[in-house]
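Line order of the protein sequences matches chains B and U.
Under the numbering used here, think of the first position of the first sequence as 851, with each following residue one higher.
Under the numbering used here, think of the first position of the second sequence as 851, with each following residue one higher.
Every clue listed holds true.
Identical copies carry no separate label here, and so any pair may be met within one copy or between two of them.
Calculated cross-link-like contacts (lysine to aspartate or glutamate; reagent style DMTMM-like; alpha-carbon spacing at most 25 Å):
{"hint": "1", "residue 1": "1179", "residue 2": "938"}
{"hint": "2", "residue 1": "1147", "residue 2": "927"}
{"hint": "3", "residue 1": "958", "residue 2": "1026"}
{"hint": "4", "residue 1": "939", "residue 2": "1154"}
{"hint": "5", "residue 1": "960", "residue 2": "971"}
{"hint": "6", "residue 1": "939", "residue 2": "927"}
No lab work stands behind these hints, which were simulated from the structure alone.
There are 2 protein chains.
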Amino acid sequence: MRARMFTLLGTDPHSRARYGKLETPHGVVETPVFMPVGTQGSVKGVHPEELRALDAQIILGNTYHLAVRPGMEIMREAGGLHKFANWDKPILTDSGGFQVFSLGKIRKIKEEGVHFQNHVDGSPMFLGPETAMEIQAVLGSDIAMLFDECPPHPCDETYAAQSLDLTLRWARRCRDWIDANQPQTNGKPQLHFGIVQGSSYPELRARSARELVAMGFDGYAVGGVSVGEPEPEMFAAVENSEPHLPADKPRYAMGLGTPPQLIEMVARGIDMFDCVLPTRLARHSTAFTRYGSINLKNSRYTRDYAEIDEDTHPLCRGFSRAYVRHLLKAGEILGLRLISLHNLHFYLSLLSRARAAIKGGVFREFREDFISQYQTHTEPPDS
Amino acid sequence: MRARMFTLLGTDPHSRARYGKLETPHGVVETPVFMPVGTQGSVKGVHPEELRALDAQIILGNTYHLAVRPGMEIMREAGGLHKFANWDKPILTDSGGFQVFSLGKIRKIKEEGVHFQNHVDGSPMFLGPETAMEIQAVLGSDIAMLFDECPPHPCDETYAAQSLDLTLRWARRCRDWIDANQPQTNGKPQLHFGIVQGSSYPELRARSARELVAMGFDGYAVGGVSVGEPEPEMFAAVENSEPHLPADKPRYAMGLGTPPQLIEMVARGIDMFDCVLPTRLARHSTAFTRYGSINLKNSRYTRDYAEIDEDTHPLCRGFSRAYVRHLLKAGEILGLRLISLHNLHFYLSLLSRARAAIKGGVFREFREDFISQYQTHTEPPDS
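All chains should be built: construct the whole structure from the sequences, respecting the hints.
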């Protein structure tokens, strides 16, 4: 029997929010937690030293992207993703399932897995449960995700049920591969998370969760969310999954979301998040503030000599909005870098403050204050 | 009478190389020194914290670029370039002369200055001796350069002589503007450097130097080099200027050069350098090593797990050539950042080692070793 890897340290009396700690082969992660996304082995625009300065506890890597480029021969020779990317803290890798469906071309879903052409050079590739687990073992991530089919939105119930059946058969094969191979990283057992699917159908979500739990994994994710569905459906998918997941295992909502969505998900019992928004919106000149997001390319900031936000990271201190706007207009990379750092700080500290609020017994107030202050559209269009 | 700003601390017995220290309003600069170029108020791809980590003593800003964008109204409101760019160490600004001639469109050179259209939005602009000095006073640089005409290469002697006469009349007007306005930065007098012109004509170079020295400036630059002339002409331009410059003032060779050229210029009595090569070549995937430059996009580095170079900066340690190549191929900004940091470290430490060698009485050996080891083209074309 394995030692306990997740410790639930406390819960909020007014919601399903909780805080805990997750022990991984490369260190402890305090939850709830935000995981910056390093798709191609680099969190876009950010140096690992900066991630450390931002107190990032764990980052995400993408199996699909890394298998396509640089490819597994190099990842194996390099000694895994930690060494390749010069990052010695925890890493979670997705299984590639989602990307196969969103990026791969001419894909054929078969019982054994998915045949597709990759998006970089069109080469034929194959990902199935065993290959996805093997790749993640080579990457040496601390947390590997099971290989699943992520159905599109909308999706009729018949297809959703068939897709779920396939995902559960694949989960069984992942379980068998893990048991047979017992992959390790940093000399300790790699963790494996199942992914709850079932689209917008409560019974399918419940069945998915129950069957995965019966197989026994180290944590459980809610997948098939943030695929274009309206926000209430996204919340419902989590609400329909979470009650069927064991309290003593971490829960991860994949690929979410806006700052208020993250807090709402914490209130629904989710512990872990990843999202490309902080770095992707930075590339569109957009910075997060507690009052909503602002676009620093707007002419209103031309002569605004305040910092990006009152609450920002020391690495962004001393730079005015006017300066950042100048950098963006002039095409200087530092502008993008400063917003990326600021946005990652915003997301990381948001989850860290949520954790402190749960621990301090004031999560209800924290949630209400944050949601009421945050406006999705504060900023009128630029003149 | 002003206090001495430059102190010549020692000379090399076998060449004209020297080391010294230059006191500026924002701190002391030890020479010989390399100055990273921050054209638009940012050293491309690099955060000021990284410049500090690299031990950059002084950076360069461009009058022309900053006057075009963000414009002087913002530079004035922002409180000058140091505050705007969040950099509290010394800054040298060029006068805009070189850029007017290389970037400006439909330019008309008149006695009062140069009328031109800027390269960003084509707006009509004017730069003359007084405006260039006034702009640099607003930028608050520690060292401001005189406004000059930089003749093209090749240039016949008649035009070169006429151009030099104009540059000397402009120098006189700069001197008068400085005396009348006595610009300060950080509460201390701004320094002003004259620029020796005269193309490839020894007598013109000598006359230019003598007349500028007679007007009296805080330092002297050799301009009109690295404008497309063959390397021997570049060396000759410096050799024909330097003997006419006072030993107790700093000398600056503008816009140079390759690593061996820098060492050769140090041997010819030059103290200060600026060059875009470290960051520009980084954007072309090229890294400097003691054996010459290498292009990290080349397929030979696909499975090269050594670091960028044995001698690199701590911020570049732990990243393999294979990883940097992967980042470059994948279009990840971190690849460009790592090479920029490495190249700036290479240039900064090259000058710092040259200084130590002069001080230690071993500059002749240092020069010979470095030049003989460094190959301009080590690397065969990629297969």
